[in-house]
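Participant: Same order as they appear, the protein sequences are chains A and B.
The first sequence maps to residues 192 to 474 in the working numbering.
The second sequence maps to residues 9 to 409 in the working numbering.
Simulated from the structure, these hints should not be mistaken for laboratory data.
Each residue gets a CB set at the ideal place from its N, CA and C atoms; glycine is no exception.
Treat the hints with caution; some may be incorrect.
Said to hold, decoys possible - Non-contacting residues of chain B with respect to chain A, defined by C-beta distances greater than 12 angstroms in every case (computed):
#1 N25
#2 L34
#3 D170
#4 T191
#5 L377
Claimed, not checked - Chain B regions said to be covered by chain A (calculated; three or more residues, Cβ under 8 angstroms):
#6 12-21
#7 354-367
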Amino acid sequence: MRLGRRMSANRPADAGRQMNPDRQGGHTVTGNRPVPEQSGLERPVLDVRNLIKTYGAGETAVHALRGVSLTVQRGDYVAIMGSSGSGKSTLMNILGCLDIPTSGRYLLDGVDVSRLSDRQLALVRNRRIGFVFQSFNLIPRTSALSNVELPLAYAGLKSAERRRRARAALALVGLADRENHEPNQLSGGQQQRVAVARALVTAPALVLADEPTGNLDTQSTADVLGVLDRLNRSGRTIVLITHEPDVAEHARRLIRLVDGRIVQDARQAPLPQPRHLAQAVDA
Amino acid sequence: MNLFETIRFAIRGVTANKLRSGLTVLGMLIGVAAVILLVAVGNGSAKQVQDRISQLGSSTLTISGGGRSTGATTQDFSLTSSLVPALSDHGTAPHVKSVSPVVTTSEDTAYEGTSHTVPQFIGTYPSYLSAENYSVAKGSGFTQQDVDEARKVVLIGSTTADDLFGTVSPIDQQVTVNGTLFTVIGVLGNKDGTGFTDPNDVALAPLTAVEESLTGYGPLNQIIVQATSSDSVDAAQTEVTAILNDKLHVTDTANEPFRVLNAAQLLSTQADTAQTFTVLLGAVAGISLLVGGIGITNIMMVTVTERTREIGIRKALGAPRRTVLAQFLVEATVLSVIGGLLGVAAALIGSQFTIVGVKPVVVPASILLAVGVSVVIGLFFGSYPASRAAALRPIEALRYE
Ligand SMILES: Nc1ncnc2c1ncn2[C@@H]1O[C@H](COP(=O)(O)OP(=O)(O)O)[C@@H](O)[C@H]1O
Ligand SMILES: [Mg+2]
Numbered sequence: 192m193r194l195g196r197r198m199s200a201n202r203p204a205d206a207g208r209q210m211n212p213d214r215q216g217g218h219t220v221t222g223n224r225p226v227p228e229q230s231g232l233e234r235p236v237l238d239v240r241n242l243i244k245t246y247g248a249g250e251t252a253v254h255a256l257r258g259v260s261l262t263v264q265r266g267d268y269v270a271i272m273g274s275s276g277s278g279k280s281t282l283m284n285i286l287g288c289l290d291i292p293t294s295g296r297y298l299l300d301g302v303d304v305s306r307l308s309d310r311q312l313a314l315v316r317n318r319r320i321g322f323v324f325q326s327f328n329l330i331p332r333t334s335a336l337s338n339v340e341l342p343l344a345y346a347g348l349k350s351a352e353r354r355r356r357a358r359a360a361l362a363l364v365g366l367a368d369r370e371n372h373e374p375n376q377l378s379g380g381q382q383q384r385v386a387v388a389r390a391l392v393t394a395p396a397l398v399l400a401d402e403p404t405g406n407l408d409t410q411s412t413a414d415v416l417g418v419l420d421r422l423n424r425s426g427r428t429i430v431l432i433t434h435e436p437d438v439a440e441h442a443r444r445l446i447r448l449v450d451g452r453i454v455q456d457a458r459q460a461p462l463p464q465p466r467h468l469a470q471a472v473d474a
Numbered sequence: 009m010n011l012f013e014t015i016r017f018a019i020r021g022v023t024a025n026k027l028r029s030g031l032t033v034l035g036m037l038i039g040v041a042a043v044i045l046l047v048a049v050g051n052g053s054a055k056q057v058q059d060r061i062s063q064l065g066s067s068t069l070t071i072s073g074g075g076r077s078t079g080a081t082t083q084d085f086s087l088t089s090s091l092v093p094a095l096s097d098h099g100t101a102p103h104v105k106s107v108s109p110v111v112t113t114s115e116d117t118a119y120e121g122t123s124h125t126v127p128q129f130i131g132t133y134p135s136y137l138s139a140e141n142y143s144v145a146k147g148s149g150f151t152q153q154d155v156d157e158a159r160k161v162v163l164i165g166s167t168t169a170d171d172l173f174g175t176v177s178p179i180d181q182q183v184t185v186n187g188t189l190f191t192v193i194g195v196l197g198n199k200d201g202t203g204f205t206d207p208n209d210v211a212l213a214p215l216t217a218v219e220e221s222l223t224g225y226g227p228l229n230q231i232i233v234q235a236t237s238s239d240s241v242d243a244a245q246t247e248v249t250a251i252l253n254d255k256l257h258v259t260d261t262a263n264e265p266f267r268v269l270n271a272a273q274l275l276s277t278q279a280d281t282a283q284t285f286t287v288l289l290g291a292v293a294g295i296s297l298l299v300g301g302i303g304i305t306n307i308m309m310v311t312v313t314e315r316t317r318e319i320g321i322r323k324a325l326g327a328p329r330r331t332v333l334a335q336f337l338v339e340a341t342v343l344s345v346i347g348g349l350l351g352v353a354a355a356l357i358g359s360q361f362t363i364v365g366v367k368p369v370v371v372p373a374s375i376l377l378a379v380g381v382s383v384v385i386g387l388f389f390g391s392y393p394a395s396r397a398a399a400l401r402p403i404e405a406l407r408y409e
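Bound conformation, chain B alone:
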C-alpha cells in the first residue's frame, strides 16, 4: 500500500469512531489552549506593570505606616493631615510640588435603587489627581475650597459610573454613601489597571467630607507626595523623611515607623507579584498540559483492546506490520495535529479578551512548547500500543483482552 492509501485508511479510522477521535482532539485542544492562554495572562500582567512603571515616571512618593509604637513609652506615630503643611513647606522641602493626604475606605453606594460597592472610596486633596495621573473626563474636579468646607461632592471612576447610573448622566446626581448624600461632580478618565483591582472602580471626595461622614478623624492611610520632577524624587524623599522624623519625634532613625517609597519602589513589589503570578500560572499551565496529556493517553489506552483486536484482524488478512504501524501513526498524527491547531486557535481567540483585568500577551515559545508536548504525547500513546499489537502474532492480538 502506498502512502496515499495509508493516509486514506488512517482518515477512515479517525472518522469511524467519532466520539473517540473527538475526545482525543478535545483533550489536546484544552491542554494546548490552557498552556498558551495562562502563560499569556501571566506575561500580560507583567507587561502591564512594566508599562505602568515607564508611564508613571517616578515623581510620586507614597508615605505609609505610622501607628502607635508599643515600646516602653507609648508614642503616636500616626500620619495625620496636620503633617501636610510641614511637608509642603517650600523652605524645608523645596523639591516637593504637592502633598495629598489619603484615607481609603470601601463603601456601599446607592442611586435610585441601584447599589454598588466601591472598593476604593478615597478622601484626599485635589492635588491627588495629578499626582496619581487621574484625569477628569466629564464634569469637573473638586477644589481646595470644597476640602475646606467639607463639601459632600464626589468624583467617580467609569466602572462605578456605569454600574450606578447606566445610561443616565451622573453629573449633579446625588448618591447615597453609607447614609450620606454626595453630589457627583465629575467622572474620571479611564486608567489602565496593574493587577487585580479595577482602577476605574473608585470614588474621590474631599478628605474632610470623607472623614466627617464616613471614616471619622482617624489616622491617614497614606500621604502621597509629588516631587517637582522625576529627577528630584530622591531629594524630595530625603526632605520628606527628615521632616517626618522631626515632626513625629523619631529617635531611632534606623528603624523608622513609616515608609517613604517612590513609585518605582512600589511598582517593583507589584512587579514581583506579577512575576510570582506568571510562575504560578506557568505551573497551572504545566498541570493542564499534564492533565490534557493524561486525557489523551487515557482515551488512546482505553481503545487499545478494541484496536488490538482490529490489528489482529488486519494482520490475519495479510497486513504487513509496517502498513499497520504507518496507519496508526498517521491516525495519531492527524488527531494530534488537529487538536494542537485547534488549541492554538482557541488560545489566540481567547487572548483577544481581557481576562481578570489583564490583557493576555501570547508568548510564541509557549505555543511551540504546548503543541510540541501534546503532539509528542499524542504520537507516542497513539502509536506505541499499536506497535506492540502489530508485533504480536495475529492470534495473540485477536485474543487480547
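For reference, chain A alone in the conformation it holds in the complex:
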C-alpha cells in the first residue's frame, strides 16, 4: 500500500504524456487543432465526436452507436449506465483503442487515434490506457505477478524494475500475498483486483473499466471500487460502465446511454482542481 502510494506520487497525472515518444508525432499529424494550453482550459483526455458504430451491413446491420459526442477532462470519474445492448461496451472498446468506429472522430489527449499506425496504437494501449474487462481476461496458467508484469514487459522495462512495480501494484489492490497464485487459484474478486493492478501498473492517465464489478459479490465490489476511487483521488481519469446505481454513485459524472445515444449527462461531484492548472491561472 505504502509502496503504491509512493509510486503514484512519483508519477504526476500527465506522466503518460512524457512516456509516449510518439505523442509529438501524432500531434503534428493532427496539427489542425489549436493547442489549448494558453486558453487556460486544459485539453480533454477524451474527445469523441459523433461516433457511429454499425455491426454488419444491410438488413442485419446493428447500429450499436448512433452518434455519440463526449469530452472527458483530466481527473474526472465518469460512470456510464444503460440497459443491456445500449452500446456501452462498444463505446468503451473504441475508447480503449481495442476497436475502431465506423465513423466519427476520437481524440485521445488531442491525438487522432484513427491516424495511428499499429505500432503507435500498441504504444497508446500500453502507456496511456489501463483497461479492466468484465471477464477479467487474465492470461491462464500464469501467476498473478507475471500477469501484472506483462504491460511493463511490453513497455520495455527491465525485469527487476518490472517485478518491483508489479509487486507494488498488487499491494495496492491488497493481493501482495497472492502474487504466485494462478488465475484459477483466485476468487473472481481477486482475479478482478489482479486485472485492476495490471491496468494501473503502467500508471496510465486513463483507466477504462467495462462492468468491472458485474461478476462480483458485494465485498469484492467494494474492494475493487475502493481501488478505483483511490486511483481517481490520485489524479487518474476513470471511465466505468455499470449496471448498479450504487456503483455509479462513486463517480463524479453520470452518463446514460439508450440505443446508442447519450440521453443524460449529469455531474454528481465537481472536477478536482488540477494543481498545475491552478498555478497557470495564478500566473
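Using the hints provided, position chain B with the ligands relative to the given structure of chain A.
Facilitator: For chain B with the ligands alone, coordinates are given in the frame of chain A:
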C-alpha cells in the same frame, strides 16, 4: 522487448501448458523417429542382401521345379535323388564339385516337454553344408554313411538349440520329430539372415532319414549343385542343364520344366524383394510423417481459440504485433526443435536393435528429411494461426470462438 525477453516469454508459454507442449513434442518425436527408423530398416535389409551376394561368391546352383507336365502325354519331370549320380559324373559334368538333393519340411520338435516348430527341417547330403556355407560349431556333421544307413541324426541351428535345450548341451540328446526320435549330433554356426526367415532356426538331417520318417519318398524340393569355383559356375550351369534335359527326356528345351539358378540370380530376386520392401517402408514412413504432421497441426489448431484470446489480451495490454508474432514463432520453434531432436535420438537408439531380423542402417538424408518436414510443419502451424490472430483488432481476437 528484446530477443532474450521474447525467448523467455516463449519458454514460459511452452511450460505454462505442459500437456499441449508434451503432445506436440510427442507427435513430432513419433513422426521423425518413424521415418528415420523405417527407412533405416529398409536400407538395412537391402544392405544385407548385398552383403550376402558378395559373401557367398556365386559358386552354387539351385535346381528347382520339376513336377508333372499336364500336356497330352503325362510325363514325370520330378526331381529325384536318382538324378544325383548323373549330375555328379565327372565325365559329363567336370565343373560340378558336389550335388546335394534337398527336401524341406516344417516339423514340430520336442525335447523333454519343450516343443518348438522348426520352419526349415532339411533332408540332404553332407555336401550341402559347404555348398550353403554352413559350419558346425559344436559336435560334428553327418556323413555319407549316415545317409546310406538312413541314421536318424540331426544338426540344429543355434536358434533351434536355444529354444529346445536352453542351457542344456544338445549334443547326443534325443529329440522327437513328429513322433520319431532323432539324435542331435551337432549345432550349426551362426549365419547372417537375408530377410524374414531366421537362418539359424533350421535342422539338417540325412535325406534318407527325413524321407523315411517324415516326408515320404516324393520329389525333391531342390538340388543344390556346387561348382568347382566361382569362375566355373556358368560352365557348370550349362552341363547341369544338359544332363537334366537328357535324363528327364525334355524335348522342348526352350521351355524347360525346371530352373537352374545361380546364387546371384537367386539373390537378385531377393534384392528385388528388399527393394520393394524399402519402397514400402518409405511409403509407411511418409504416412507416419503425415500423421505426425497432422497430429502437430491438430494440437496447434485446437489451441487456436485459447491462444487467439490470449493474443487479444496481449494486444489489449499494448503488445505490438511483431512482439506477439516473435513469441509464438519462438514457441513453435522450441517445440519443433525439441520434438525433432528427441525423434532423431529415439531413432538412433532404436536403430541399435535388430528389427524383424534386420539390422537397421540409418540413411542420413532421412534424418534431414524427417526433421526438416516436421520442423516446417511445426513452425507453420505454430505461427500461422498466431499471425492471423495478431493481425486482428484486439476486440476481435478477444471475442474469437
Ligand atoms: N461483434 C458484434 N457483432 C454484431 N453485433 C454486435 C457485436 N458487438 C455488439 N453487438 C451489438 O451491438 C449492440 C450493443 O452491444 P454492446 O455495446 O455490447 O452493449 P452493452 O455493453 O451496452 O450491453 C447490441 O445490440 C449487440 O448485439
Ligand atoms: Mg457490455
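Participant: Hint by hint, say whether it matches the structure.
Facilitator: The hints, checked one at a time:
no. : hint    : result
1   : N25     : violated, 6 angstroms
2   : L34     : holds, 19 angstroms
3   : D170    : holds, 54 angstroms
4   : T191    : holds, 72 angstroms
5   : L377    : holds, 35 angstroms
6   : 12-21   : holds (count 3)
7   : 354-367 : violated (count 0)
Violation of the numbered hints given earlier is confined to hints 1 and 7; the remaining hints are satisfied by the structure.
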